[in-house]
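> Two independent chains are provided; combine them into the complex using the hints.
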Amino acid sequence: MSDDTFNPNVIELRDVTVTSMRNAALVVAEEVNWSVLPGEFWVVGGQQYSGKSDLLMLAAGLMNPANGTCHVFGSATDSFGEAQLAERLRVGFVFQGGQLFNRLTVAENVALPLRYQKNLTAVESARTVEVLLEMLELKPFADLTPSNVAASWRVRAALARALVLKPELLLLDNPLTGLGARHGQWMLRFLEQLSHGHEWLGGRPLTLVASTDDFRPWQHAQRKFALLHEKKFIPLGSWTEIETTGHAAVRELMALAEETPN
Amino acid sequence: MRGNLAKAFELANTQVLRSSPLPKSYTDYLGRKLFLFLLTMQGLGAFALITLGVILTKNNVAKNVIHPRIRQEIVRSGVALLPMFGFVALALGFLVVGQAVSVLTKNGAANFLGSTMVIVVVRELGPLLAAMLVLTRVGTANVIELGTSRALGEVEALEALGIDPMHYLIAPRVIGMALGIFSLTVYLIIGALASGFLFAFLQGAPMRLGDYYRQIADALSWLDFALLALKTLAFGFTIAIVTCYHGLAQPLRLEEVSRVAVRAVSQGVIVCVLVDALFIVLYLFS
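Note that the protein sequences, when read in sequence, are chains A and B.
The first sequence: position 155 = 784 (the working numbering), numbered continuously.
The second sequence: position 38 = 61 (the working numbering), numbered continuously.
For the record, the hints were derived by calculation from the structure and aren't laboratory data.
Warning: the hint list may mix true and false statements.
Subject to a maximum C-alpha distance of 30 Å in a straight line, what follows is the list of computed DSSO-like cross-link-like pairs (lysine-lysine) [as the list claims (entries may be wrong)]:
| hint | chain 1 | residue 1 | chain 2 | residue 2 |
| --- | --- | --- | --- | --- |
| 1 | A | 795 | A | 768 |
| 2 | A | 747 | B | 81 |
| 3 | B | 47 | A | 795 |
| 4 | A | 747 | A | 768 |
| 5 | A | 747 | B | 86 |
| 6 | B | 56 | A | 795 |
| 7 | A | 795 | A | 747 |
| 8 | A | 795 | A | 853 |
| 9 | B | 129 | A | 768 |
The following residues of chain A were derived to be distant from chain B, with all beta-carbon distances above 12 Å [stated by the list, open to error]:
| hint | residue |
| --- | --- |
| 10 | 651 |
| 11 | 763 |
| 12 | 874 |
Using N, Cα and C, we set each Cβ at its ideal position, and we do this for glycine too.
Isolated chain B, as found in the complex (with noise of 0.2 Å):
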């Protein structure tokens, strides 16, 4: 809690490195991205580390205060976005899950449903979207309300009042979405499969529902469920650092709130896409 806390995350280079001119040739252009890209995976690793330790040695402090705002982010980041998440499970089935479902069943390949379907909406697309659709809904909200909280000098007042800035702003935030992006899965994937098949009822398709399910459940296995849990919850704590980090440590004034978020929805869907090529790896080496 040591005084001016989201100082420490404070990247001199990397400001020096965005408001220097354009370099004049093509390949210093790239050495400045790669430093940029390597400064601020430092900034979010040691951002990430210390959001562990606050979550893990102070799960007892303040739980009157604390607990309550975890129960509001699980609220902001899940229980909120439950109707647009039917939506997109809704429209997931139908776009998706129900041409798979026809287009494989009057081929013959009906087979391969269940297989399809699992690699398809539970390990890739489920998870993927889910996340996708929390870090533009909550993500950017995370970064505006924290960048106007550090700009209007609310982190400095926290900090006078005793009270950790990472404890009180950023574990709730980190936690919420953790869990609110892995209901949401769930409840994206049991919607997608459930529309996909009523789509695929509808075109006529000749599968009957127990064979439809059979076949999911014959394909999905252990490691499909322990997968899953796991790289929602990754999506989730990465989602939450990478938009808290820049909304907390990053700007200080007002006007760069805006471009900060876009900048900080861009990394997010990055280190996404790191996330998911790293679950893919584990698929293919277990």
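Chain A on its own, in the form it takes in the complex (with noise of 0.2 Å):
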């Protein structure tokens, strides 16, 4: 049952240990503490495999911790089910590389959680998509399937599907792998904006959490920075207090960053 007059973090984490989504008995973290408040901009590093993908798996409600409480505004995780259906679709996510269904087009991809949850045909959702296409410069690729698609429009295709039910919470795993200087540019940009408030949400400001392997590309005074190191979950803080900080692991993802810029 959501508790949010009491809890009025949008996601938090306790003492939490998550396990690898492909293998439970691997252990990516230990000990996770994490409280992320509403309209935050949270951005976690650390390197490949280091289990980025797991947490915010985990902090979506898509796997549970393997101890610890997390919590999704204000309801456990572990207890969402067909009746918590309407606190699951508060929280959208964008898997790295998008995951679009290969056997829709984009635009019914775009559709298909709007079209589900709401039961419309696809003339009755065709408005709704086509607007969201259109902000997302995506309508050239409407009718065309993902593997027609070059990876950079997969990645935003991916995200017009997570933003369709209006979220409240956007997780996003890796958003800026493989994007080319354009794209990047474009959707730091546009995340910028879903978090100050969009119009497609109303101008309600939405709170992000992205991952990433190199910090560099979202550098900004508002965000919040974490590293998952080691099994360990870091909290950073700004990006002043990352710039001046001796952390071994968070110099040498810079330096890695500046090897292969984005």
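This is the structure:
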């Protein structure tokens, strides 16, 4: 049951042990304590295979913690079931690479959650989908299947699919991976607009959490940063704080970033 | 719809048993096979029950999405296979029915024609052949499609969107395949009986069309129609369950999909024979 009145956090993890999605016996993070307040924009960094995706999937309620408690909008995610569908739909998730449905067109992919959750016909959902596709510059690709669309546009289509139900929390797994400079810049700008209140969401600021293996493109005074390293979740604070940190792993991550600019 | 539902059917023990080295003695090998069979049956049973539960409880959920998907599956498991079934009906008529008609009439056993045709074509060969053809044509496609979807993370994507994968991916396939096999079996039986008479007629068998169909009609009882419907629906349900179970519940990597498809077809054949045996018992005791 939701108890928002007592718990204002959008995400609250207490002493959580995170296991791998692919291998439940593999622990990727232990004793994770993390609170995300409404409207915050978090960037979680870490090397590849450090468990960022698993942490995000756990925070989205797609998997259970091995230990500890995970609350999203005040509801424990291990009780997310049919009765908590409304809570689940307040959370949007963008997978790395998009994970679009290959047998559906881009427009059908975007329409699917809307049609399924609101029991709409294709015609009834068409206008909403068209507006969203236009907003994300996806209209030329609307009738193509994902395999016929470049990876950068597939990520945008996945973002459109996650936004179609107007979530209050959006989790993005490595959204800049594989994007060219133009698409990367567009993505960062668009996420910033969502964070401040986009017209699509009626001007309501969206709570955002993104994972990355390169902190540099995410430089912004108002964002909060955290690091996942050697099974530990370390909140780092603002950009100013991570720039001055002496943490070897952060410096290593920044150095790596300098070698392979995004 | 609890997160990552597909994982609920994963049987880690079957993976361990399959990947461990061959046992030293033959009895150990047989024991391992027995354990694998029991674990698979446990997984299939759970999967079947959950699928039935989803079909019954979510009948009115997202009708505008699910009903078109059911129609698509009926086309895929039924309408699209009609040309092939037409050919098989002709072949079955020429190879089996025509010869039977010709031999029985030439040996003065024409009185047994009706009951022979009903037992061979209506009760046994028609439904089983239809099931086997759908298993190989559509069942394998099910395993590959679902296995690929699972390997590419589409199942997790559905769960992230609050869409029950059992409702969206499995229920339409199960309903479509059950109705598809039922319809195709009816067409196959009618086609085989008609082409069988044609073949016998061309061979000069001394039997008129009216006598041929009267004998078959006399040999048929209401039980044949009822059990034919039940049997074909059961074939469709079990084939869909076996193939969807292997596609959705087992493979995690793309390279495993083809191997699992072969396993699913083998198990599908075994399950169909078991269902057939069950209906033979029903016929014998009715």
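> Hint by hint, say whether it matches the structure.
Status of each hint after checking the structure:
1. Straight-line distance between C-alpha atoms of residue 795 (chain A) and residue 768 (chain A) comes to about 19 Å, which keeps the hinted pair within the 30 Å bound.
2. Taking the CA atoms of residue 747 (chain A) and residue 81 (chain B), the gap is about 14 Å. The hint holds against a cut of 30 Å.
3. The hinted pair formed by residue 47 (chain B) and residue 795 (chain A) fails the criterion: a straight-line CA distance of about 60 Å is larger than 30 Å.
4. In summary, the hint linking residue 747 (chain A) to residue 768 (chain A) is supported, as the alpha carbons are separated by about 23 Å, within the 30 Å threshold.
5. Pair hint residue 747 (chain A) plus residue 86 (chain B) holds up; C-alpha atoms about 10 Å apart against a cutoff of 30 Å.
6. Between the alpha carbons of residue 56 (chain B) and residue 795 (chain A) the distance comes to roughly 51 Å, so the proposed pair goes past 30 Å and is violated.
7. A distance of roughly 13 Å separates the Cα atoms of residue 795 (chain A) and residue 747 (chain A); the hinted pair therefore holds under the 30 Å criterion.
8. A hinted pair counts as satisfied when its Cα atoms are at most 30 Å apart, and residue 795 (chain A) with residue 853 (chain A) qualifies at roughly 23 Å.
9. For the proposed pair residue 129 (chain B) and residue 768 (chain A), the alpha carbon gap of about 72 Å is over 30 Å, so the pair is violated.
10. With 12 Å as the threshold on Cβ separation, the claim that residue 651 (chain A) sits away from chain B is violated: the shortest Cβ distance comes to roughly 7 Å.
11. With a cut of 12 Å on Cβ distances, residue 763 (chain A) stays outside the contact zone with chain B, its closest approach being about 21 Å.
12. Remark: the non-interface label on residue 874 (chain A) is consistent with the geometry, its nearest Cβ contact in chain B lying 33 Å away (cut-off 12 Å).
This entry does not satisfy hints 3, 6, 9, 10, going by the numbered hints stated previously.
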